[in-house]
Amino acid sequence: MSEIVPGELWAKLRRTTPARIALGRVGHALPLAEVLDFQLAHARARDAVHAALDSAALAAELAPMPVLQAESDAPDRATYLRRPDLGRQLSARSAALLAEAGGRCDVVFVIGDGLSATGVQAGAAQLVRACAAELGGLIIGPVVIAHQARVALGDPIGAALGARVCVMIIGERPGLSVHDSLGIYMTFAPHPGRTDAERNCISNIHGAGGLSLQEAARTLGWLLREALRRELSGVALKDDQTPALPFEDSAPA
Amino acid sequence: MPFTCDLGGERHGFADLKAVLAAASPARSGDELAGLAAASATRRVAARWVLADLPLKVFLSEAVVPYEQDEVTRLIIDSHDTAAFAPIAHLTVGGFRDWLLSEAADEAALAAIAPGATPEMAAAVSKLMRNQDLIAVAQKIRVVTAFRSTIGLPGRLSTRLQPNHPADDPRGIAAAVLDGLLHGVGDAVIGVNPATDSVPAATTLIRMLDELRQAYAIPTQTCVLTHVTNALAIMERGAPVDLVFQSVAGSEAANAGFGIDLAILREAHSAALALGRGTVGRNVMYFETGQGSALSANAHHGVDQQTMEARAHAVARAFDPLLVNTVVGFIGPEYLYDGKQIIRAGLEDHFCGKLLGLPMGCDVCYTNHAEADQDDMDSLMTLLTVAGCSFLICVPGSDDVMLSYQSLSNHDALYLRSVMGLRPAPEFEAWLAEVGIAAPDGRLRALTDGASPFVRRLAETLS
Numbered sequence: 003m004s005e006i007v008p009g010e011l012w013a014k015l016r017r018t019t020p021a022r023i024a025l026g027r028v029g030h031a032l033p034l035a036e037v038l039d040f041q042l043a044h045a046r047a048r049d050a051v052h053a054a055l056d057s058a059a060l061a062a063e064l065a066p067m068p069v070l071q072a073e074s075d076a077p078d079r080a081t082y083l084r085r086p087d088l089g090r091q092l093s094a095r096s097a098a099l100l101a102e103a104g105g106r107c108d109v110v111f112v113i114g115d116g117l118s119a120t121g122v123q124a125g126a127a128q129l130v131r132a133c134a135a136e137l138g139g140l141i142i143g144p145v146v147i148a149h150q151a152r153v154a155l156g157d158p159i160g161a162a163l164g165a166r167v168c169v170m171i172i173g174e175r176p177g178l179s180v181h182d183s184l185g186i187y188m189t190f191a192p193h194p195g196r197t198d199a200e201r202n203c204i205s206n207i208h209g210a211g212g213l214s215l216q217e218a219a220r221t222l223g224w225l226l227r228e229a230l231r232r233e234l235s236g237v238a239l240k241d242d243q244t245p246a247l248p249f250e251d252s253a254p255a
Numbered sequence: 113m114p115f116t117c118d119l120g121g122e123r124h125g126f127a128d129l130k131a132v133l134a135a136a137s138p139a140r141s142g143d144e145l146a147g148l149a150a151a152s153a154t155r156r157v158a159a160r161w162v163l164a165d166l167p168l169k170v171f172l173s174e175a176v177v178p179y180e181q182d183e184v185t186r187l188i189i190d191s192h193d194t195a196a197f198a199p200i201a202h203l204t205v206g207g208f209r210d211w212l213l214s215e216a217a218d219e220a221a222l223a224a225i226a227p228g229a230t231p232e233m234a235a236a237v238s239k240l241m242r243n244q245d246l247i248a249v250a251q252k253i254r255v256v257t258a259f260r261s262t263i264g265l266p267g268r269l270s271t272r273l274q275p276n277h278p279a280d281d282p283r284g285i286a287a288a289v290l291d292g293l294l295h296g297v298g299d300a301v302i303g304v305n306p307a308t309d310s311v312p313a314a315t316t317l318i319r320m321l322d323e324l325r326q327a328y329a330i331p332t333q334t335c336v337l338t339h340v341t342n343a344l345a346i347m348e349r350g351a352p353v354d355l356v357f358q359s360v361a362g363s364e365a366a367n368a369g370f371g372i373d374l375a376i377l378r379e380a381h382s383a384a385l386a387l388g389r390g391t392v393g394r395n396v397m398y399f400e401t402g403q404g405s406a407l408s409a410n411a412h413h414g415v416d417q418q419t420m421e422a423r424a425h426a427v428a429r430a431f432d433p434l435l436v437n438t439v440v441g442f443i444g445p446e447y448l449y450d451g452k453q454i455i456r457a458g459l460e461d462h463f464c465g466k467l468l469g470l471p472m473g474c475d476v477c478y479t480n481h482a483e484a485d486q487d488d489m490d491s492l493m494t495l496l497t498v499a500g501c502s503f504l505i506c507v508p509g510s511d512d513v514m515l516s517y518q519s520l521s522n523h524d525a526l527y528l529r530s531v532m533g534l535r536p537a538p539e540f541e542a543w544l545a546e547v548g549i550a551a552p553d554g555r556l557r558a559l560t561d562g563a564s565p566f567v568r569r570l571a572e573t574l575s
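Residue numbers (this note's numbering), protein chains in the order written: chain A, 3 to 255; chain B, 113 to 575.
Wrong hints could be hidden among the right ones.
As the list claims (entries may be wrong) - Reference excerpt, derived from the structure (chain A facing chain B, CB under 10 angstroms, subset only):
1) Leu25
2) Asp39
3) Phe40
4) Ala103
Said to hold, decoys possible - Examples of chain A residues lying across from chain B (beta carbon under 10 angstroms, computed):
5) Thr19
6) Gly29
7) Glu36
8) Ala47
9) Arg84
10) Arg85
11) Asp87
12) Arg131
13) Pro176
14) His181
15) Ser183
As the list claims (entries may be wrong) - Derived CB-CB ranges, DEER-like:
16) A:Arg131 to B:Glu379: 45 to 53 angstroms
17) B:Gly267 to A:Asp49: 40 to 48 angstroms
18) B:Pro114 to A:Gly29: 53 to 61 angstroms
19) A:Glu102 to B:Asn410: 29 to 37 angstroms
Worth flagging that the hints you see were computed from the coordinates, not collected in a lab.
Note that this is a predicted model, so its numbers are computed, not measured.
Beta carbons: idealized from backbone N, C-alpha and C, even for Gly.
Isolated chain A, as found in the complex:
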């Protein structure tokens, strides 16, 4: 039996969506090339989830900005994936270290590995710089690199460093098409017990049709100044500035 291959007709349709349409069939099954292409995308996503963050390299990239290291109560990836509660708490060691650092500032940036250390390694330092450039006149505290971190780990970190606003930059859950996407979560007056409804989120920051670093930084700049002015963040602070997620015609990789 010959392979059934999609023809010219479908080329036009494929440009309208990144979805895996018009893949063709071998009998009822996917052609092998499509099977392997899918497996490669899944493998990259899995590797991104399990990759360890190289914090020394990240700190070097952030220099001369002062950097502190922290880790959550989740000792390893396997625990981290099963116990989101531990990923939201600082380890005793980190809590002591940050308490010692103390201080007061307007903004603290926390870089958390989240579910994609790959994305964080690739883009977080640049994103911090781009954001900082939008925050002229504000006092920015040390950048904290946090391991096995969930979004809410920014709450105890921000509180310990006396930050008026915590900006958590974190690796998002990888998909098949994008495995290095970053998210920004901004929380006014961070302290343990804050809920997700009290944060503003800018998601899908990546170079494959997502939000660019510059666009994300501009949105954060606006949100953060509004948060300081109105002394709140979250659902009460609508980000009227955020453009719709851009989408450009592209065929699946």
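With the hints as your guide, set chain B onto chain A.
Just chain B, lined up with the frame of chain A:
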């Protein structure tokens, strides 16, 4: 009621009914996260011995979530059908398991007891059942619903076509719809999850899907999976809403987290019925559920996640739905850690839903941070199809490019129908033949086969 048993000289005691249910559950990360799982494998089996000896009636007198605090409990208790319960009223949970597997429990007997079964009874008995038991009993149960197509008939397997797009681009969504139709997919519903959850965005998509459906006279229903309050607003504007969608959970507090209560579901159900858009039936609701949703909202009342899931099915049951599916692996590894846990949960949810009388389907799926892959999905979809699952969700190439998770592919539907000799809903099957997507022998034509009037028309439209 004592919750103890002696095993080999060792006494095992459990504080209350919900502790027994939780400890009797097969191991899963969500119950461990909640601190409810059995502390050891031995204790898990001890809980099953205790559970097996409890009378089914105990679930009518002891609510796992307090009646006074929770409208879902009140719904379950107040709508319980005593007459339907009568044939099983004398049974223990263990006796119920044996009865379900017996020849006495045929299609008619199982349909008759459905209104007398509470979600807690269904959850409890499932904990005493191996995977093959869950399959064997579910396979005997038939739940038939209809709107423009008929779902759940013997020898049929229906599919939801899920043509999501990361920016809701109408052309991109239409392209994915055509891809699905040409694979014979979409007889349960053509249902889009919108990237932007607003009334105007959803209205645009609803109109687009309805125009597409009418242009090709497709005997199926369309749905934009937006919040029920949006659906009400969209219906008020006169847009063509076939099905009202909502995610539901098993407690009043968890539903509040979704921004809903039973009253708003009742209002939407009445509004959709009033539109009278169905041609072969009047089931107008579409619900999704999933283990872990109550816990993630911290609204589980110390009850294990599988029992809470069955309670979500009781919410769905009150609104005579066309479709209900568990989105089984979507929630992540903190609730269902790996392929084994996802497969078990999918079979449990399907069994409990069917036992309660629901047109149960499944989104056979996983995320990239779960310990699972396509091989696990192959296993689950095959097992569910043997179990007589009403419908499965399909996305092009298994890759949902909007929600970033993996579901089944259109090709998977072809595989299942082929190896198990199943066909789509009768109205849709006739349409596939009429427009030439299927050849006279029932086989699907190639995407580019010029003998298909559908493909010829598509080519003309695009040229």
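Now for the hints, and whether the structure bears them out:
1. Leu25: holds (6 angstroms)
2. Asp39: holds (9 angstroms)
3. Phe40: holds (7 angstroms)
4. Ala103: violated (31 angstroms)
5. Thr19: Holds, about 3 angstroms.
6. Gly29: holds (8 angstroms)
7. Glu36: Since the shortest Cβ distance to chain B is 7 angstroms, the answer is holds.
8. Ala47: OK, holds: Ala47 (chain A) within 10 angstroms of chain B, min 4 angstroms.
9. Arg84: holds (5 angstroms)
10. Arg85: Because about 6 angstroms separates Arg85 (chain A) from the closest Cβ in chain B, which is inside the 10 angstroms limit, the hint holds.
11. Asp87: holds (7 angstroms)
12. Arg131: Hint violated; Arg131 (chain A) Cβ to chain B Cβ min 27 angstroms, cut 10 angstroms.
13. Pro176: holds (5 angstroms)
14. His181: holds (8 angstroms)
15. Ser183: holds (9 angstroms)
16. A:Arg131 to B:Glu379: 45 to 53 angstroms: At roughly 51 angstroms between Cβ atoms, Glu379 (chain B) and Arg131 (chain A) fall inside 45 to 53 angstroms, so the hint holds.
17. B:Gly267 to A:Asp49: 40 to 48 angstroms: Given a distance of about 43 angstroms, which is inside 40 to 48 angstroms, the answer is holds.
18. B:Pro114 to A:Gly29: 53 to 61 angstroms: holds (59 angstroms)
19. A:Glu102 to B:Asn410: 29 to 37 angstroms: holds (33 angstroms)
In terms of the numbered hints stated before, the structure departs from hints 4, 12, listed from lowest to highest.
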